[in-house]
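On the provided structure of chain Z, position chain W as indicated by the hints.
Note that the protein sequences, when read in sequence, are chains Z and W. Once you know that position 383 of the first sequence is 383 in this note's numbering, the rest is easy, because the numbers rise by one and skip nothing. In short: position in the second sequence from 1, add 1000, done, that's this note's numbering.
It should be emphasised that the hints constitute simulated quantities derived from the structure, not laboratory data. This one's a predicted model, so the numbers in the text were calculated from it and none came from an experiment. Glycine included, C-beta positions come from ideal geometry on N, C-alpha and C. Mixed in with the good hints there might be a few duds.
[Unchecked claim] List time: in silico EDC-like cross-link candidates among lysine to aspartate or glutamate, alpha-carbon distance up to 20 angstroms:
1. K352(Z) with D1113(W)
2. K1150(W) with D1109(W)
3. K262(Z) with D332(Z)
4. K262(Z) with D1089(W)
[As the list claims (entries may be wrong)] Distance ranges between label pairs, derived from CB positions:
5. K1173(W) with L365(Z): 23 to 33 angstroms
6. L243(Z) with D1109(W): 39 to 49 angstroms
7. I169(Z) with Q1052(W): 53 to 63 angstroms
8. H1239(W) with R165(Z): 41 to 51 angstroms
9. L365(Z) with H1239(W): 49 to 59 angstroms
10. S1240(W) with K352(Z): 27 to 37 angstroms
[Claimed, not checked] So these bits of chain Z aren't anywhere near chain W, every CB distance computed over 10 angstroms:
11. Q124
12. S128
13. F145
14. C171
15. V244
16. M300
17. L348
18. T393
19. V435
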Amino acid sequence: MSVTLLFAIVLALAFVGYLLGRANASGLKAAGNSLHSIPPYHGYFVALWCGLPAFLLVFIWQAAQSTVVDQLLLASLPPHLTEGMTPARVSLMLGEIKNVAAGRMFGTPDQAIIDAAARYQSLQNTASLAMVVCTLAAAVAGIAFARSRLSPEFRARNRVDGILRWLLIVCSILAILTTLGIILSLVIESWAFFSRVPVAEFLFGLNWSPQTPIRADQVASTGAFGAVPVFWGTIFISVIAMLVALPVGLFSAIYLVEYADKRVRSVVKPLLEILAGIPTIVYGFFAVLTVAPFIREFGMSLGLSVASNSALAAGGVMGIMIIPFISSFSDDAITAVPQSMRDGAYALGATKAETIRQVLLPAALPGIVGGVLLAVSRAIGETMIVVMAAGLTATLTVNPLEGVTTVTVQIVTLLIGDTEFDSPKTLAAFGLGLVLFISTLALNILALQVVKRYRERYE
Amino acid sequence: MTTLDTTEASGMIMNKTAEEAGALAKAVSTAKAGHETKIAASKVSVFYGDKQALFDVSIDIPARQVMAFIGPSGCGKSTFLRCINRMNDTIDNCSVKGTIEIDGANIYDPKIDPVLLRARVGMVFQKPNPFPKSIYDNIAYGPRIHGVAKAGSAMDEIVERSLQRAALWNEVKDRLDQPGTGLSGGQQQRLCIARAIAVNPDIILMDEPCSALDPIATAKVEELIDELRAQYTIVIVTHSMQQAARVSQKAAFFHLGNLIEVDETDKMFTNPSDQRTQDYITGRFG
Chain Z
1 MSVTLLFAIV
11 LALAFVGYLL
21 GRANASGLKA
31 AGNSLHSIPP
41 YHGYFVALWC
51 GLPAFLLVFI
61 WQAAQSTVVD
71 QLLLASLPPH
81 LTEGMTPARV
91 SLMLGEIKNV
101 AAGRMFGTPD
111 QAIIDAAARY
121 QSLQNTASLA
131 MVVCTLAAAV
141 AGIAFARSRL
151 SPEFRARNRV
161 DGILRWLLIV
171 CSILAILTTL
181 GIILSLVIES
191 WAFFSRVPVA
201 EFLFGLNWSP
211 QTPIRADQVA
221 STGAFGAVPV
231 FWGTIFISVI
241 AMLVALPVGL
251 FSAIYLVEYA
261 DKRVRSVVKP
271 LLEILAGIPT
281 IVYGFFAVLT
291 VAPFIREFGM
301 SLGLSVASNS
311 ALAAGGVMGI
321 MIIPFISSFS
331 DDAITAVPQS
341 MRDGAYALGA
351 TKAETIRQVL
361 LPAALPGIVG
371 GVLLAVSRAI
381 GETMIVVMAA
391 GLTATLTVNP
401 LEGVTTVTVQ
411 IVTLLIGDTE
421 FDSPKTLAAF
431 GLGLVLFIST
441 LALNILALQV
451 VKRYRERYE
Chain W
1001 MTTLDTTEAS
1011 GMIMNKTAEE
1021 AGALAKAVST
1031 AKAGHETKIA
1041 ASKVSVFYGD
1051 KQALFDVSID
1061 IPARQVMAFI
1071 GPSGCGKSTF
1081 LRCINRMNDT
1091 IDNCSVKGTI
1101 EIDGANIYDP
1111 KIDPVLLRAR
1121 VGMVFQKPNP
1131 FPKSIYDNIA
1141 YGPRIHGVAK
1151 AGSAMDEIVE
1161 RSLQRAALWN
1171 EVKDRLDQPG
1181 TGLSGGQQQR
1191 LCIARAIAVN
1201 PDIILMDEPC
1211 SALDPIATAK
1221 VEELIDELRA
1231 QYTIVIVTHS
1241 MQQAARVSQK
1251 AAFFHLGNLI
1261 EVDETDKMFT
1271 NPSDQRTQDY
1281 ITGRFG
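Isolated chain W, as found in the complex:
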């Protein structure tokens, strides 16, 4: 990526609405061939108070692919994921060192507004967390606060499009006014994905999105992730090796707060270069 792109991208984050920024960034990236780097982290360390949870993690995450973070519990993969949309800012004693660049712009630059950043970097959580509002309002919440669309047909369109992309439209189109909390677990999780899509992000972070779902709902969400890859850069934290193998193109293995290995998923699962990765994948620990 050139210097010109960098300034352009950072300028967009600061000055334009989230939708414009997202659309433009996508236009820029589609013009390029191959999978260029979307997120570039270098020497990221995270501290909770005095305790260091993440040690000098450097990683490049390619655009419009699925990157899976794997590793045993407490290895720092969720912590790192939450650095990418600065969700760690909401934790009181948490501090982050190092830089993370999205499209070449450092998101920890003081000039960056984390609120706007989070509109570009959507997030889906471990447990489905729809708001206690109607299905429609759950989707419309993001666009409304960012001023993307007012109530009316423009908003209806966003809601329908987001639900369709999240493969939920056919199941809920007749009951958009019902509470989102009344859906099944799998539907709730797809509702949360639709909610994230509605603000038109470039990147979607998923923190063990299927750990609270049954196998059938999991299969649907995985299918959805595979479709979303065409338009979004997806980073997924998962405990399930099978899931990582099924949905991701690249994988990163974390252990005790260190990034051990990053590689093509196929290669990592057949021929890992680090012994610890080998041990984890074959189930010797974790």
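One chain only, chain Z, in its complex shape:
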């Protein structure tokens, strides 16, 4: 029986439980009792007791089943098959048994393996059947238990509330645990990297060339992991992006809030926000196929030498991508400045521009700064545009017409292709990832602090 069907049956049982609980309570009420909670809450209580333990059981069972079956299978294998094998060989053999069980045979397998495959199949079948039986039993037992609790004084309403609260807590804990897991895996891999390459060399070294020989006889550099040029590339492209996005975003926000009438605003604002909905890979096309050639042609007509992967093209297009970020944050911040501030300035005889420059912008500054910081962290973490439009060579340059590379581009190039997962070259990606994570996290925390302080002022 498939898990989906099982889920459907449990859901149906839960619904039956709901009807039973409600009918039970209605019966109590009809008998002249005064109930603490209205009948539907009795129904919900029974339904939750029916559904939740059963679902939980299915999840745990699914997670544990393969391990348990593998262990049982290994224990049942004739000893000569597993004797003196490394864990890696054992897992290879398990894979072979499973392939045979699934009917994918390569050559003629050992008779012992074929027997094992049959055993594996039967173990699996038993396990699945047991899961169905246990789950349904749990659901029915849940209904029985919950119904036994029902009585006129039973506080079904409060109990349902309590159960829902736990459900919500579990969901938020899941989200937090996932984050922690991601951080942990990043830190562990980075640790492995930093045990091979000193932290100081990584953070302050000026030479980045991560090519290492895969085999001993290969001709390749020994690898240099000074990440400063890579960090610089990220910063440089982000700065170019902000130079584009900050004025355009901020000024369009000012126009939309203070000058545009309702009709213009209702057209222009959604148009600006469309920019935020464009997939970054499309921006990448735009940068590579339109902007970069344009900049190169234009530079050449002026007699400048322009790299085909110029920082200017990548940064400029990234800036366009970030415009809606800045403009929508600035828009919110300026709109949130109370009308009384504008009135106060106008009543003193200030013009519109004076009011905006000297009163509205200072008052909205914390909100704008918060938005800009979030935009910067978005720019730093942006991958697709730079993978397509920025270069691969790590150069320390301040010339926007040259190519630079960024942290995200390097992570991508380090991880694609056939590489061992324990070479410093691959591990360097995690070191870069950790630095990226820490810096964007710091920026986000800073931005949220700034925005929070600003909110406290006006609400």
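Showing chain W alone in chain Z's frame:
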């Protein structure tokens, strides 16, 4: 007021700085005896889109007195107040008909720059609205944008004088660099009055200036209004009958967008000529 005065006054609004205009206008008016008319409105109607909020209001407001506008909520008194410094211009779909003359010059004349007008006609709002700047900068903002004084001792003097006139100097003189938003509500409102005074206006409009203040702060502001009357023409919108009785010399009663009655405050509160005024004052509606 003679024709000569009229052209002079309008010329001043257009050509000279706000301070000069204010000082000269005051010199002209002090030379005259009694309380001559400072603001003369005739047939003022205000529309928000299609909705008419004010119907043909005509009123003369005397110089260097306190005129109180009273009436139930939504009666148009704040709307009319905001016509006097053309603050209604900042509302998108609002249009004003009729004329309002200040010292004989129509402020709705296309030649008048509303920005300069607002420097002559200060305004204090219902809720204190100091800028999120220091106390000093709050006061210095107006003089700075009008080029009355540059930073330095001249500006220090304006700040001190304005704060003194607003009876706030002694409370804040040691913390001029602190944010104006950190003051108490009553102090903030006096800061806003000082801010309006700093650009040296002739007229100060007050839109329910005490409605967000506690009784003690209200008493201080009322005391201040009484002192300011010596130098400024004050128009105050208030919901409190007691306040109108305490601070004003003349009162105007608005009802449903119409001006019902204008009279000496004493007379209006003891012997109103219109039944609706009588009903409002005695608390039968509103």
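Status of each hint after checking the structure:
no.: 1; hint: K352(Z) with D1113(W); result: holds, 13 angstroms
no.: 2; hint: K1150(W) with D1109(W); result: violated, 31 angstroms
no.: 3; hint: K262(Z) with D332(Z); result: holds, 16 angstroms
no.: 4; hint: K262(Z) with D1089(W); result: holds, 17 angstroms
no.: 5; hint: K1173(W) with L365(Z): 23 to 33 angstroms; result: holds, 28 angstroms
no.: 6; hint: L243(Z) with D1109(W): 39 to 49 angstroms; result: holds, 46 angstroms
no.: 7; hint: I169(Z) with Q1052(W): 53 to 63 angstroms; result: holds, 58 angstroms
no.: 8; hint: H1239(W) with R165(Z): 41 to 51 angstroms; result: holds, 47 angstroms
no.: 9; hint: L365(Z) with H1239(W): 49 to 59 angstroms; result: violated, 36 angstroms
no.: 10; hint: S1240(W) with K352(Z): 27 to 37 angstroms; result: holds, 34 angstroms
no.: 11; hint: Q124; result: holds, 69 angstroms
no.: 12; hint: S128; result: holds, 67 angstroms
no.: 13; hint: F145; result: holds, 59 angstroms
no.: 14; hint: C171; result: holds, 40 angstroms
no.: 15; hint: V244; result: holds, 29 angstroms
no.: 16; hint: M300; result: holds, 49 angstroms
no.: 17; hint: L348; result: violated, 4 angstroms
no.: 18; hint: T393; result: holds, 48 angstroms
no.: 19; hint: V435; result: holds, 37 angstroms
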